[in-house]
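K.L.:
Protein chains in written order, with this note's numbering: chain A, 1 to 294; chain B, 1 to 239; chain C, 1 to 107.
Some hints here could point you the wrong way.
[What the hints assert, rightly or not] Incomplete in silico selection of chain A near chain B, CB under 10 angstroms: (1) A8; (2) W28; (3) A32; (4) L268.
Derived from the structure by calculation, the hints contain no laboratory data.
All residues carry an ideal CB built from backbone N, CA and C; glycine is no exception.
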Amino acid sequence: MNVHLSYAECPARERLQRIVDPGSFHEWLPPAERLTSPHLAALGVPSSFDDGVAIGRATLAGRPVFVAAQEGRFMGGGVGEVHGAKLAGLLRRALRDRPHAVVLLAESGGVRLHEANAGLIAVSEVMRALLDVRAAGVPVVVLIGGANGCFGGMGIVARCADRVVMSDVGRLAMSGPEVIEASHGVDEFDARDRALVWRTTGGKHRWLTGDCDALVEDDVEAFRAAAIASLDASAPVTLETLEAEHALLAARLALLADVSHEDDAVALWSRLGVADAARVGDLDVDELRALRPA
Amino acid sequence: MKDDIAMNWNTLATALFGADHALRQDGDLLSGTATFDDQPLAVIGTTNHASIGVRLALAQARAVLDAIARHPGRPILLLIDTQGQQLRRRDELLGINRAMAHLGMTIDLARRRGHRVLGLVYDQALSGGFITSGLVADACDALPEAEIRVMRIPAMARVTKLPETLLARLSQSNPVFAPGVDNYVAMGGVRRLWRGDLRAALREALREAPREDRRAQDGAARGGRRLAAAVVQRVLDAA
Amino acid sequence: MKDIAPGLETLEYVFPGERPAGDFAPVLAGVVGSGNLEVLVEPAPGSDCSIRIETSARGFGGIWEAVVRDFHARHPLAGVRVSINDMGATPAVVSLRLDQAVSELTP
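One chain only, chain A, in its complex shape (with noise of 0.2 angstroms):
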């Protein structure tokens, strides 16, 4: 019987349980070590006993992987000092023992500034032994499908990663559309235009730029199936592949260099080859999945 739960209404530990194969998650630092944030109390705010992101180990398919998952409900998912450092932890244990991959369920709006200082120099760390596991050939893959998105500096952790996927729910940015609505005005970024926002930094839109690698359904299957999938993604970052994806990012800006404002997802799409650009808002995943260009 296939039951279609929704991944983004999932919380965070529920994910991770339906995702790896069933009963194999063995959590390291659990809840009950109660490993929390030491900064948050003096701000009058509650902690989490596992600081909002379980880490540990699992199988997946039979093979051995090491999971994270991040819990947006609380503080928005964001990267503080001890957050940082279990996921920092789990990326150096990687490194030491060579799972088949490492598995990241990212729901984070970045560096958690409740944490400030402490957070930015975390999610720095996180990057760099990101980077260590990729370069020892362990791929290293991030699911992003939560209400909250990817953003901030996680955004950046989920590129250095050898594969991401997503759902048409999931975002993928940096900076929050309020955060740009309050720097540069409504007109710039309409934060409470949904279909803008999803238009700039949703799923579908980062499937068809190739910003990430699998486009699936909300759907925590989908998210299972699609991380099996990408067990053997292993993608070593080398001068070559550098220069590739230099060359992708530098002819994507030139490409609209002479649009206007408000046009510019649809000129993009169009730009970039997809057939019926206009229509993209309107397209199921299933039918978007086969719009995007070789």
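Since the structure of chain A is provided, determine the placement of chains B and C on it from the hints.
P.N.:
Below, chains B and C without anything else, positioned relative to chain A:
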């Protein structure tokens, strides 16, 4: 005053490499090849408290790639002065997070291929503006008068819904919020401040900067970030 | 009741237990989000049920006492330690989460 003068990139470059340093400014981008202790040194960076958008991230990445491709092993100095990532919808559409990651990965590859990569915050550094440059180098140093912060207080107050007055008070004394470089040194984020003889400081950095990430240990030893290293170790040791 | 820091209130209650919970793996229910809470239930030595709450919603000690009393009346567990991180959940949500945690206790 010496420290104020050192924040102008040209004066900094002159102090480090002499008046004929051959570094160029092109808008907000700094680049060029300097000679230091008779060795060539690739210099890449930003000025004017640059907002780092897709264009400027790619421009810096291009310079790093050129160093890797044409000058194997040449040390790279990243000069950092930024107000953070560019806050424009167009940059988000184009995937500024991907462009930033790309810059970070060029620096990471340079390090893996034996290039020494050093970051120096010589004026300002905010969050997204240097998280994939200075903070992924072998080490990130700073001038004593530099300012490093995650976000300006009014914006932080809006996003966190914490009162601006509370954040302002905390930023005077709480290391987690205080923007001073001494604080970043205490937390391990910045390795060392360049006081006095700048040439000696650069020489020391080229020689002594670690090749692995020691920032959590530094934060613990210096007392500014007491848990991170211990938590990492607990993960490594967990049954 | 004592404050552990400006902004957070700590409340602690102890009840004599009747039904030994035995040994079990710690159970966690809920998430610390706005209007929500997390409940951690662990085995404890002795026969009491102790409950410790840290909350950002201060000044509701009387209501917390009523809620935990009702909870203990429903589940008079012995040898159990309950720890709560709360961000302003209503009594109904608190009760729900406590019951949810207890329902997941397995020997």
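K.L.:
Could you tell me which of the hints above the structure violates, numbers in ascending order?
P.N.:
1, 3
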